[in-house]
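> Starting from the given sequences, assemble the full structure and let the hints guide the process.
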Amino acid sequence: MKQLGVLALAGFREAIRNRVTVVVAVFALVLIALTTVVMNLTVFSLDRVVTDFGLGVMSLLMISLAIFMSVGMLNRELERRTVFLIVSRPLSRSKFIVARYVGIMVTLTMLLAAMSAVYATQIWFFDVPLHNSMPAAIGGLWCQLLLLSAMGVFFSSMSGPITAAICVVGLYLVGQWTADLHVIAVKLGPVTGAIARAGYYVLPNFARMDFKPQAAAGMSVTLGEFVDGLGTSVGWSLLFIVGATLLFQRRDFK
Amino acid sequence: MHPAVECEGLSKTYRVGFLGRKVKALLPIDFQVNPGEVFGLIGPNGAGKSTTIKVLLNLVMPTTGKARLFGKDVHDPRSRESLGYVPEAPVPYEHLSGLEYLQLQAGLAGLTAADAKGEVTRVLDRVDMTRHAKLRIRQYSKGMTQRVMLAGALIGKPKLVILDEPTSGLDPLGRRLVRDLILELRRDGAAVLFCTHIMSDVEMLCDRVALLIGGSIHKCGPISELVADTRTHEVVVDHATKEQVLALLKPDDVARLEVVAQRVLFHVADTRLQDVLKALLNGGLTVTRIQSERIPLEETFMAALRTSNQPGGLE
Chain A
16 MKQLGVLALA GFREAIRNRV TVVVAVFALV LIALTTVVMN LTVFSLDRVV TDFGLGVMSL
76 LMISLAIFMS VGMLNRELER RTVFLIVSRP LSRSKFIVAR YVGIMVTLTM LLAAMSAVYA
136 TQIWFFDVPL HNSMPAAIGG LWCQLLLLSA MGVFFSSMSG PITAAICVVG LYLVGQWTAD
196 LHVIAVKLGP VTGAIARAGY YVLPNFARMD FKPQAAAGMS VTLGEFVDGL GTSVGWSLLF
256 IVGATLLFQR RDFK
Chain B
2 MHPAVECEGL SKTYRVGFLG RKVKALLPID FQVNPGEVFG LIGPNGAGKS TTIKVLLNLV
62 MPTTGKARLF GKDVHDPRSR ESLGYVPEAP VPYEHLSGLE YLQLQAGLAG LTAADAKGEV
122 TRVLDRVDMT RHAKLRIRQY SKGMTQRVML AGALIGKPKL VILDEPTSGL DPLGRRLVRD
182 LILELRRDGA AVLFCTHIMS DVEMLCDRVA LLIGGSIHKC GPISELVADT RTHEVVVDHA
242 TKEQVLALLK PDDVARLEVV AQRVLFHVAD TRLQDVLKAL LNGGLTVTRI QSERIPLEET
302 FMAALRTSNQ PGGLE
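Just so you know, the protein sequences line up as chains A and B, in that order.
According to our numbering, the first sequence is numbered sequentially starting from 16.
According to our numbering, the second sequence is numbered sequentially starting from 2.
Do not rely on the hints blindly, as some may be mistaken.
[To be verified] Below, simulated DSS-like cross-link-like pairs (lysine-lysine); rule was C-alpha separation at most 27 Å, straight line:
1. B:Lys-135 <-> B:Lys-118
2. B:Lys-23 <-> A:Lys-17
3. B:Lys-23 <-> A:Lys-269
4. B:Lys-220 <-> B:Lys-23
5. B:Lys-160 <-> A:Lys-110
6. B:Lys-279 <-> B:Lys-243
7. B:Lys-73 <-> A:Lys-269
8. B:Lys-135 <-> A:Lys-17
9. A:Lys-110 <-> B:Lys-67
10. B:Lys-73 <-> A:Lys-110
[Said to hold, decoys possible] If you want the footprint, here are the derived chain B segments under chain A, 3+ residues with CB under 8 Å:
11. 79-92
12. 100-106
13. 109-119
14. 264-276
It should be emphasised that the hints constitute simulated quantities derived from the structure, not laboratory data.
Here a beta-carbon is modelled for each residue, glycine too, at the ideal position from N, C-alpha and C.
What follows is the structure, encoded as structure tokens:
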């Protein structure tokens, strides 16, 4: 457990010292500056713009960062051969993968917390009424980051960063529309319908973790809906991380 | 007591390229390293030295055979509980300071916070890096980075230290430090396995050596054994002429013959020395000096390379 902690801390330090602080600062500035501009250009109400735009920018930045950090992590370790210095200690490879994953999640969580603080300040500043779907949307985003990072670690444990990034982005985009697959399956023939239906059940459903539409429309999110999204994320993440450790277990570090 | 390192029939075949072409990096090899022993792996580039080390560290899976550290299979993380390692041309976490890197290594070695603090201070002092400990590693010179890597390998007083080209690229002071550390580890009863291209280091430090060529062990044993079959002696015969000496000996027995001020100097192989001396003394000549000449390990290495048609990799 201690080894896991020190390794996760090292990963967090790396992220903080390399890029994360800059990203937070840039995000905060962009968010505050652009919301004012967008408010003057849009026909929608102030509440909706602040909520939708803020959550949208946060989501875009964090998801990009999660993919970037997770798909590159293992390859960076292998290229720089830093993995040699870690795996040569009494540490199993599965622990290494889990520690690195935890390190990424600690970084993303801290960053999400910082962004949420800026977002909350903005809501307070523009006097937007608070709604339970707003924290639910941020929680849902965290669930998406958990799953995306696990997917990134999984694909990077068996391929290069570009291939891994393509796979993660592809699965994320398909995962946004898996509900549509179920609808389409009804209208298609038996074979293609079965394939579409299988896709619905086999692919991770990211829409279950996305509460931004409810937040923008001022609708409530029930505890059941949130737990459903959290469960989907945790279940899929566990599967991907177990898969990554199995793949990484037999890999040669030339 | 278990040997520090045991390899039995260890081989490795890599699959490279899109079609998975097989490349044999290591043919079945057997060797062991005992506690308190300095063992050198030498050989040209591509001989399989680094692959052997990577198998021992569980970085590469062997194709056949077994590798054990202190009796435990290398797949078992507990086999690395008392291990220190310095890779060739290390590129550590450059965003960390030397101190943070060593704290990380102490944590991974399983030391408690209090033990880690004392141990980090000790190893920093040992490699003379206390003054620069708080600088980021990216600000270090190559020599300073190597010192910190060595310090990392010494954390937790390991019973086995594996060093891959530890003196490569270091200045004379750095080389001296590495040599001193290796001797110190041996004195403390630790085993040291290191591979290098610098033959003078091998001769100076190693108890035993394995000469790897083309993925297999060409020779293995104490340095004295490795060079014994190539040993020659310089023989000096006073008050004699070249013709007198040659008349008593077979032409193949004499090499590098010179005449200096009524003295005949020549070299004779170790295996022929007794016969040559008998012939000279029976012929009435006076042998005034016999100087044993050990051919350096480098010559043995080059001779082995020539016979195996492998390209050399000496510095």
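> Evaluate each hint against the coordinates.
Here is what the structure says about each hint:
| no. | hint | result |
| --- | --- | --- |
| 1 | B:Lys-135 <-> B:Lys-118 | holds, 14 Å |
| 2 | B:Lys-23 <-> A:Lys-17 | violated, 40 Å |
| 3 | B:Lys-23 <-> A:Lys-269 | holds, 14 Å |
| 4 | B:Lys-220 <-> B:Lys-23 | holds, 26 Å |
| 5 | B:Lys-160 <-> A:Lys-110 | holds, 24 Å |
| 6 | B:Lys-279 <-> B:Lys-243 | holds, 17 Å |
| 7 | B:Lys-73 <-> A:Lys-269 | holds, 23 Å |
| 8 | B:Lys-135 <-> A:Lys-17 | holds, 23 Å |
| 9 | A:Lys-110 <-> B:Lys-67 | holds, 24 Å |
| 10 | B:Lys-73 <-> A:Lys-110 | holds, 19 Å |
| 11 | 79-92 | holds (count 9) |
| 12 | 100-106 | holds (count 4) |
| 13 | 109-119 | holds (count 3) |
| 14 | 264-276 | violated (count 0) |
The structure fails to meet hints 2 and 14 from the earlier list, while all remaining hints are met.
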